[in-house]
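Undergrad: Based on these hints, arrange chain B on the given structure of chain A.
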Amino acid sequence: MIRVVDLYKSFGDNKVLQGVNLHLKERETLVIIGQSGCGKSVLLKHIMGLLKPDSGKVYVDGVDITVLDDDELHKITRKFGMLFQGTALFDSLTVGQNVSFGLERYTDYSKEKIEEIVRENLAKVGLRKIEHLMPFELSGGMRKRVGLARAIAYNPDIILYDEPSTGIDPIRADAINDLIIRMKKEMNAGELIITHDMVSAYKVADRIGMLYKGKIIEMGTPEEIRNSKNPVVQQFIRGRAEGPIENW
Amino acid sequence: MRIWSSSLFRAKMFPKVKSPLFYINAFFEEMGEVGLLTFKTFKNLFKKPWEKGIFIQQLEEVGVRSLPVVSLTAAFGGLVFGLQTYIGFHRYIGAGSETYGGPIISLGLSKELIPILVGLMVTGRVGSAMAAEIGTMKITEQIDALFSLGADPIRYLVVPRTIACFVMLPFLTIYGDLIGIAAGFFYNVYLMGVNRVLYLRNILLYMELWDVFSGLIKASIFGLIIALIGCWQGLKTEGGAEGVGRATTRTVVIASILILIVNFFLSKALPADIGS
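As given, the protein sequences belong to chains A and B, one line each in that order.
The numbering of the first sequence is our numbering, which starts it at -9 and goes up by one.
The numbering of the second sequence is our numbering, which starts it at -3 and goes up by one.
Next up, chain B with everything else stripped away, as it sits in the complex:
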């Protein structure tokens, strides 16, 4: 018998196409699950006992241990942004105008690029680890054991991770802003010979505190997305090692896409400045 005529081969190669209604139903079901988890997390925020030990451990995991990867991405983001703005000003405006690259680099980095880069890096590093850790706990009955020993899994696992991400993402972002802006400054001033005083003066002249602050607001919201998606995927893990792998992959994909979508809407919703 030819292999492709076997029912197994056909089932693998041509899986039964499900109706659009199935996917719409599944989408709303998953939205409901995330919504319920978010509600339960907020409900448990102020309930005792607070898991201080886990919270501090998560602050270190999300914040301190993400510093190397944020340093690298922010530095190279700042360098390449500096390179392109230098080329842009030099080619289209003319020699001497490159000093205006300073505020553009600083604004672009602090409002958009750094919060997004930090969000995506933390998703890959921390969100996936949350899904894998909680997913492994789920399939080895450790979540059931938590419950049987008097610990609410939401309060013990989800709340400390969510607060840690909410708090640490802005800190990572402000750190990334400094590294990125310094990298842009380094490229323009030390490598391309742009006037240092004018470059800095233009940054101080055109940049507002709100530009940095709006990036921090975005970062906090990205933090919530990363933690809630990672924990949600971890808690619904089924099917052994394969299930854990699927949960981590889905966490990275869903959280990354959500960050990019939410970023656009936040950029639209947050005011460009808060008045002079």
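Bound-form chain A, shown alone:
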């Protein structure tokens, strides 16, 4: 589905990605963990085609998206649904218009059909009759769920989540984790999740990879990561201040 090969990216003197390699298989949930500011979101933006790498390749279903222009990229982004860290709901549009946004551009469904799909997808994430509300009228948890409804509305093949449990309380975070698991089952989609929340990672992941100093330093099942011999991985998953991780 997605294959990232030797990805390098710097911003000025700041070398963010230094040879990232990873492979998201069909219908797999891959979780990338790592410290805040280690380049997880930058990696995700390369996979979405929002950033161009200094070198390296990103293949989506065999197509190298790093060489595509914007129009060609939009044919590929149709395969993705993305839940942004801060939800990135459009302030000037209602909840209904937010959820229908991708549908209007990626499909030629009638207005009635789009309204029906919007209602269905909001119901999937446990929200009803809020189409007319503006994003500022919603709580943090509701915004996350609307963001997810928007991401899945046009049945993408791959769902990308950027810190899905950040900024909400543990109960709502767990509800979001349940939603992630349910979405995978219902939609048969592959999932790539960026997080530093280990509770969430263990619960939803088929495999977990750790990004550190611009590289994936460990990749394995949740059990393998839990029993990793790598001291950096152990320090991170146990959330200890003392250890080999520098510059925290």
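Derived from the structure by calculation, the hints contain no laboratory data.
Please note that the accuracy of each hint is not assured.
[What the hints assert, rightly or not] So these bits of chain A aren't anywhere near chain B, every CB distance computed over 10 Å:
hint : residue
1    : HIS64
2    : THR67
3    : GLN75
4    : GLY86
5    : ALA113
6    : GLY116
7    : ILE120
8    : ASP159
9    : ILE206
10   : PRO212
11   : GLU213
[Claimed, not checked] Covered stretches of chain A, as calculated for chain B (at least 3 residues, CB under 8 Å):
hint : stretch
12   : 0 to 11
13   : 30 to 42
Predicted, not measured: the structure shown is a model, and the values here were computed from it.
Every residue gets a Cβ at the ideal spot worked out from N, C-alpha and C, and that includes glycine.
TA: Okay, now just chain B, sitting in the frame of chain A:
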């Protein structure tokens, strides 16, 4: 330790002076950014899907909602222009010559003052709002979300705003011309007792349609400047609320200066009349 001997204080009070080469480089880099945005905007002008809803919303935002501020500035611009031309003719030419103030006021307003006033007012009201709105969208990842949902940010955000400004600025200018000329007429005829018939006859005698039209051409170009600078600053916003504030300020400063500079060159380039 004295506060001024601390490295932080020195860094704040005496920032490292960068070489002139740095500023020249930055200038050309920014010129390149605006040039690229302009190219992409024109390239996307005729590409589907057209964002009709946003275009109509922007027509209202740029045009209809600017009417009060344009009315006020044009009215007081016309009044003060009327006042000064009356004084000029009365003092230096003599009583009775004030009727010639009509064509001078009308010409000055429609060719220069109103397009500039409209340009500056719309810069302050609309250009800054564009930078703030797009800048906020940028820092909250809404621009990335647009892209991920199949909407090209240039086509969705920049093109409708640019066309709306290009179309609405001439309409605002012609509206401002009417208000300004009426205000000048009011001051001279109703307050200072200038002969109404002669005042109007002189306007019709000496003023040409081209005088109004050249002002409208300028206004359209000012519209392009306002939209492109506002969108450019919005799209390159970084650094949270402070960055949004910086983008709005820079939009107003850069667009206002550009309008004044471009106005001079347009006044030189556009013919004074197009033949009798």
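Undergrad: Each of the hints needs a verdict: does it hold here or not?
TA: Against the structure, the hints come out as follows:
Listed as a non-interface residue, HIS64(A) fails to keep its Cβ farther than 10 Å from every Cβ of chain B; the least gap is roughly 5 Å. Distance check on THR67(A): its Cβ comes as close as 6 Å (rounded) to a Cβ of chain B, failing to clear the 10 Å threshold; non-interface status is violated. The Cβ of GLN75(A) sits about 7 Å from the closest Cβ of chain B, inside the 10 Å cut-off, so the non-interface label is violated. The beta carbon of GLY86(A) is kept farther than 10 Å from every beta carbon of chain B, the shortest such distance being approximately 14 Å.
The Cβ of ALA113(A) sits about 20 Å from the closest Cβ of chain B, beyond the 10 Å cut-off, so the non-interface label holds. Distance to chain B confirms GLY116(A) as a non-interface residue, since its nearest Cβ pair spans about 22 Å, more than 10 Å. At the 10 Å boundary, the C-beta of ILE120(A) stays outside the reach of chain B, the nearest C-beta of that chain being 19 Å off. Distance to chain B confirms ASP159(A) as a non-interface residue, since its nearest Cβ pair spans about 21 Å, more than 10 Å.
Non-interface status of ILE206(A) relative to chain B is upheld: no Cβ of that chain comes within 10 Å, the nearest being about 23 Å off. The beta carbon of PRO212(A) is kept farther than 10 Å from every beta carbon of chain B, the shortest such distance being approximately 28 Å. No beta-carbon of chain B is positioned within 10 Å of the beta-carbon of GLU213(A); the least distance is around 33 Å. Check result for the stretch 0 to 11 of chain A against chain B: violated, 0 residues qualifying (beta carbon to beta carbon below 8 Å, three or more required).
Counting residues of the stretch 30 to 42 of chain A whose beta-carbon sits less than 8 Å from any beta-carbon of chain B gives 4, enough to reach three: the coverage restraint holds.
Of the numbered hints stated above, those contradicted by the structure are hints 1, 2, 3 and 12, listed in ascending order.
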